Amino acid sequence: MEFFFDLLSVLVLLSSFVLVSNKKITAYIKTFQIQSALIALIAGIMGWSIAVNEDKYDILIICVIIIALKVIFIPHLLYKTYGNIEYRVEKDFFMNIPIIVLICCGLVVFSYFSVSNIGSLTGFHINHQVVNSLSVVLIGFFFMISRKKAIGQIIGYLVIENGIFVTAMFSTNGMPFIVDIGIFIDMITAVMIMGIMVTRINKKFESINIDKLSKLKG
Amino acid sequence: MGLVLWIAPIIAVMLSRVVNNIKSLHIISICTSFIMLLAAGITTKSVMLYETLTYKIFGDAFFIDAVSIIVLDIVIIIGFLVSIYSVGYLNEKLRHNLIKYKKIKFYYSMMYIFMFSMVLALTVNNIGIMWVAIEATTLATAFLVGFNNDENALEAAWKYVIICSVGIAMALVGIIFLHLASINVVSNENALQWNLLYDNAKDLNGSVLRLSFIFILIGFGTKAGLAPMHTWLPDAHSQAPSPISALLSGALLNSAMYATIRILAIVNKNLNDSAFTGRLMIAFGILSIAAAAVFIMTQKDYKRLLAYSSIEHMGIITLAFGIFTPLSIFAGFLHMINHSFTKTMLFLASGNILQKYNTRRISKVRGLLKMLPISGAAFLIGLLAISGTPPFSIFVSEINMFLSIFSAKYYVLGGVFILLLAFIFVGIVITLFKVFFGEPAIDSNIRRGETNKPGAAVLIVLLIIISVTGLYMPKLLKNLITSAQMIIIGG
Amino acid sequence: MVNVEYLIVQIIVVIMAAPLVNGIIKKTKALSQKRKGAPVLQLYYDLFKLFKKSTVVSDTTSWIFKAAPYIVFTASLVASLLVPVTTMIDSVWYAGDLILMVYLFALGRFFMMLAGLDAASTFGGMGSSREAMISSLIEPSILVTLMTVGLTAKSTSSYQIMEFMKGVDAPLIRPVYLLTFIALLIITIAETARIPVDDPSTHLELTMVHEAMLLEYSGRSLALMELGASIKQLTFITLLANIFIPHDQFIFISGAGAVLISILIYLIKVIFVSILIAVAEVSTVKLRLFSIPNLAALAFILSFIGFMQHFVLGR
Numbered sequence: 003m004e005f006f007f008d009l010l011s012v013l014v015l016l017s018s019f020v021l022v023s024n025k026k027i028t029a030y031i032k033t034f035q036i037q038s039a040l041i042a043l044i045a046g047i048m049g050w051s052i053a054v055n056e057d058k059y060d061i062l063i064i065c066v067i068i069i070a071l072k073v074i075f076i077p078h079l080l081y082k083t084y085g086n087i088e089y090r091v092e093k094d095f096f097m098n099i100p101i102i103v104l105i106c107c108g109l110v111v112f113s114y115f116s117v118s119n120i121g122s123l124t125g126f127h128i129n130h131q132v133v134n135s136l137s138v139v140l141i142g143f144f145f146m147i148s149r150k151k152a153i154g155q156i157i158g159y160l161v162i163e164n165g166i167f168v169t170a171m172f173s174t175n176g177m178p179f180i181v182d183i184g185i186f187i188d189m190i191t192a193v194m195i196m197g198i199m200v201t202r203i204n205k206k207f208e209s210i211n212i213d214k215l216s217k218l219k220g
Numbered sequence: 444m445g446l447v448l449w450i451a452p453i454i455a456v457m458l459s460r461v462v463n464n465i466k467s468l469h470i471i472s473i474c475t476s477f478i479m480l481l482a483a484g485i486t487t488k489s490v491m492l493y494e495t496l497t498y499k500i501f502g503d504a505f506f507i508d509a510v511s512i513i514v515l516d517i518v519i520i521i522g523f524l525v526s527i528y529s530v531g532y533l534n535e536k537l538r539h540n541l542i543k544y545k546k547i548k549f550y551y552s553m554m555y556i557f558m559f560s561m562v563l564a565l566t567v568n569n570i571g572i573m574w575v576a577i578e579a580t581t582l583a584t585a586f587l588v589g590f591n592n593d594e595n596a597l598e599a600a601w602k603y604v605i606i607c608s609v610g611i612a613m614a615l616v617g618i619i620f621l622h623l624a625s626i627n628v629v630s631n632e633n634a635l636q637w638n639l640l641y642d643n644a645k646d647l648n649g650s651v652l653r654l655s656f657i658f659i660l661i662g663f664g665t666k667a668g669l670a671p672m673h674t675w676l677p678d679a680h681s682q683a684p685s686p687i688s689a690l691l692s693g694a695l696l697n698s699a700m701y702a703t704i705r706i707l708a709i710v711n712k713n714l715n716d717s718a719f720t721g722r723l724m725i726a727f728g729i730l731s732i733a734a735a736a737v738f739i740m741t742q743k744d745y746k747r748l749l750a751y752s753s754i755e756h757m758g759i760i761t762l763a764f765g766i767f768t769p770l771s772i773f774a775g776f777l778h779m780i781n782h783s784f785t786k787t788m789l790f791l792a793s794g795n796i797l798q799k800y801n802t803r804r805i806s807k808v809r810g811l812l813k814m815l816p817i818s819g820a821a822f823l824i825g826l827l828a829i830s831g832t833p834p835f836s837i838f839v840s841e842i843n844m845f846l847s848i849f850s851a852k853y854y855v856l857g858g859v860f861i862l863l864l865a866f867i868f869v870g871i872v873i874t875l876f877k878v879f880f881g882e883p884a885i886d887s888n889i890r891r892g893e894t895n896k897p898g899a900a901v902l903i904v905l906l907i908i909i910s911v912t913g914l915y916m917p918k919l920l921k922n923l924i925t926s927a928q929m930i931i932i933g934g
Numbered sequence: 007m008v009n010v011e012y013l014i015v016q017i018i019v020v021i022m023a024a025p026l027v028n029g030i031i032k033k034t035k036a037l038s039q040k041r042k043g044a045p046v047l048q049l050y051y052d053l054f055k056l057f058k059k060s061t062v063v064s065d066t067t068s069w070i071f072k073a074a075p076y077i078v079f080t081a082s083l084v085a086s087l088l089v090p091v092t093t094m095i096d097s098v099w100y101a102g103d104l105i106l107m108v109y110l111f112a113l114g115r116f117f118m119m120l121a122g123l124d125a126a127s128t129f130g131g132m133g134s135s136r137e138a139m140i141s142s143l144i145e146p147s148i149l150v151t152l153m154t155v156g157l158t159a160k161s162t163s164s165y166q167i168m169e170f171m172k173g174v175d176a177p178l179i180r181p182v183y184l185l186t187f188i189a190l191l192i193i194t195i196a197e198t199a200r201i202p203v204d205d206p207s208t209h210l211e212l213t214m215v216h217e218a219m220l221l222e223y224s225g226r227s228l229a230l231m232e233l234g235a236s237i238k239q240l241t242f243i244t245l246l247a248n249i250f251i252p253h254d255q256f257i258f259i260s261g262a263g264a265v266l267i268s269i270l271i272y273l274i275k276v277i278f279v280s281i282l283i284a285v286a287e288v289s290t291v292k293l294r295l296f297s298i299p300n301l302a303a304l305a306f307i308l309s310f311i312g313f314m315q316h317f318v319l320g321r
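Chains as they are written, first to last, in our numbering: chain A, 3 to 220; chain B, 444 to 934; chain C, 7 to 321.
Rather than coming from a laboratory, the hints here were simulated on the basis of the structure. If you're wondering where the values come from, they're calculated on a predicted model, not measured in any experiment. Hints are not guaranteed to be accurate.
Cβ-to-Cβ under 8 Å is the rule here; a few derived chain C residues that face chain A [said to hold, decoys possible]: (1) W69; (2) G173; (3) P177; (4) I179; (5) R180; (6) L295; (7) N300; (8) Q315; (9) V318.
Incomplete in silico selection of chain A near chain C, CB under 8 Å [unchecked claim]: (10) F5; (11) D8; (12) L9; (13) L16; (14) S23; (15) I99; (16) P100; (17) V111; (18) F112; (19) H130.
Simulated restraints, written as ranges between beta carbons of each label pair [as the list claims (entries may be wrong)]: (20) I183(A) / C474(B): 30 to 36 Å; (21) T802(B) / E208(A): 23 to 29 Å; (22) I183(A) / L480(B): 30 to 36 Å; (23) T201(A) / C474(B): 56 to 62 Å; (24) S38(C) / T201(A): 45 to 51 Å.
Beta carbons: idealized from backbone N, C-alpha and C, even for Gly.
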């Protein structure tokens, strides 16, 4: 069982690396979709074993919600938003990809050192898959920094959320049910608001390049 | 009675969706905020009597103690005043054909969702739900910040949503670690309940808790506008409609600070001293004050000036809780209250100025007292008050801060603090001279006199509040703050 | 001490099996394209023919041109000795380990690049410079990959790593080994001039890398170069097959029979990995030269994450 989670946590990490090294917005959305599917798989396996052992079904319900929201609904929404804006081929990143990838490798090392010290200080057992999921959070941050397009930033936000969800899964077997539901409601609202804003920005600035949003200073 | 606090704003949102008449929209808004004010008053009274207030039907979900009632009262009183002010403000906008009727409907429903999520954040026991509610405040205000729907407002709204959502995601990571730290202490059904975590604080895992606190301070610090995560704040506060700016500055920043304080109490109780949290919070606090000082000195836009001043005061409050002596915590809570009222008054007055002069630039506003006698006077006195001039209330809490810093033997810190406040004072006074002297520009389009009558009344009320609390502190308030201080300091 | 039996078995198996890999890959590709293709043993015939022919050497070349084939071949052969085809014979090779293997190949490559430049033809220089770029991009990944495997086994000697891997059950579902396996597969493809990096079946001047350096060679020199290249290819495949898919723990007899069975199973695994490489080759297209850094980055990500997982998961 543990090996499955190991493998899945590594695959989630790998998918965020793939995301970082992608160039096209449609590819971001697809990678996000795959990552969400992996996360749903993690929730599914964990939920199944808890349902069998302890007769509690909340993680299974969460798994279904993830599939409905993150695998189906949000990618669809993003594709639609992307369809609404005018298609223009513009470079979407500041640095070249190998450098971005190297920085992300640095982030993995950083999260390893910050998390692994906890255990050695107090002998407290911390599940080491958390290192991988925390790295996903950090890579999500870096993705947001490294992209110029507004949709790229939405994806970065979603990847951070994914990373946080997996962190919660691996460290504490998920948050309390009601909190999880609240987080999902917040997330879906946030994405919808951001989507609407992207459309408005595209109308007002005739681009979704956030470099253009630089009037307010000082 | 606490239930009313949850239900009233929800009903207001529903009604304002249904109603099709501007007058009744205004009436609904004022009635709702008045009901909430009454409910808050009754709740305050029962907290004074029983210390904590919970309801059996929600399990432990609903939880109010002295800490939350202070922030809750601030939020609800400011909400009430803003709802009165909004009537005049929106009517004025409507008269100039700047907005349509539908926008007002949207404004009110968003404002009450915002109120609801703030009240929810302040009245729940579960830290996870507190996080959800604080994130919901970001989402509810996103379109209110972009209310004007021009390029600047859109830019501010986008930055606001992105930076705050991401920042607060950090706080969620922190909350997960908090859950992890308590995993063998608090049972899974009661996970993340603040009172249980607080009672069992000694048994939590210290090193995980430290990591958790760093994430939470950065996360909620982003929302509270601490430097260097403050970049969204001047944009959002200056571009939002003025009543919303007042709510953001006076109520929302405090809610984010409140969440930090709650977790600070747990961490400090666990670690048994405040050295770790103190160092972090003092660093963030002094950095915020310094960053604000730099920008206030060179500011050309009066709403941004006020926004930077909010960053400064949040820095002062963070500093107060970082020092963590009884006196400094007292000063912190007092400062929270005083800053909220003073800043609300300033933002509301600046709203009137903006509607009159139609510019945000300081250099274009001349002869304010002649054009707008009440708003101008409120703005003048407010600027003096916010920079810490006696006899206003901010002076009282700042002098308490000085005393607490020096009595905690942080001499260098105290020196830097005084120096920065002096810089900020100079920066604000320069603005003041620019605005209040000189003749109004001769422009036939601008008529003299107040146009927002309810707004003027609100300003007078606020003026009375900040002047009176500067000279005399009600015993009730003192008792409340003292009991909040006891909760935070533990024991 | 060096075990003489081991040396004999190893040299015979490596030299005999190396050209077979090329044949299998070519045949698989041909079959997937619904062609009949050359016979599997074609490279043997070619080499045999080339060995009989005389060598033509350009007048403008120096000694490096003549010495290079021998150096390349010897370096490859010595390097291949460091990666045992079977662990049934005790072959603790005290004189070297996987890092020596990497740099022996680098030595061979260095002389191959010099020889490409030496003939002063336009294509030779072009091929050399491309080869230098590709190898410098891929080298960090090789080292990180081998280091990771070495760390888990606490040794850099390939024999000891293989001995250790026998004790690991189901290595390919463990993240560390899965990631390093895929990384090493990509490295193998890049190192042996296979399709996403270089197309071995064409002599198109704009794309060729490996073939460009050999353009001036003929006769026995060419044969040595080709054989050296295919030994290198077999060595990498041996690494993949013997480290990640260990089989010797299932052989319970000992003696000469066991060695024979072990080598037979080894050959089957080599065929399997060759088919895997052929499938990878068929299903991709050749990358532009400037996209190769991305492939190298992918290999590096995989090997690096694998490396981290060794620490992170500790299992």
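Hint by hint, here is what the structure shows:
| no. | hint | in the structure |
| --- | --- | --- |
| 1 | W69 | violated (39 Å) |
| 2 | G173 | violated (16 Å) |
| 3 | P177 | violated (11 Å) |
| 4 | I179 | holds (6 Å) |
| 5 | R180 | holds (6 Å) |
| 6 | L295 | violated (15 Å) |
| 7 | N300 | holds (6 Å) |
| 8 | Q315 | holds (6 Å) |
| 9 | V318 | holds (4 Å) |
| 10 | F5 | holds (6 Å) |
| 11 | D8 | holds (5 Å) |
| 12 | L9 | holds (5 Å) |
| 13 | L16 | holds (6 Å) |
| 14 | S23 | holds (7 Å) |
| 15 | I99 | holds (6 Å) |
| 16 | P100 | holds (5 Å) |
| 17 | V111 | holds (7 Å) |
| 18 | F112 | violated (11 Å) |
| 19 | H130 | holds (5 Å) |
| 20 | I183(A) / C474(B): 30 to 36 Å | holds (32 Å) |
| 21 | T802(B) / E208(A): 23 to 29 Å | holds (27 Å) |
| 22 | I183(A) / L480(B): 30 to 36 Å | holds (31 Å) |
| 23 | T201(A) / C474(B): 56 to 62 Å | violated (36 Å) |
| 24 | S38(C) / T201(A): 45 to 51 Å | holds (47 Å) |
The earlier numbered hints that this structure contradicts are 1, 2, 3, 6, 18 and 23.
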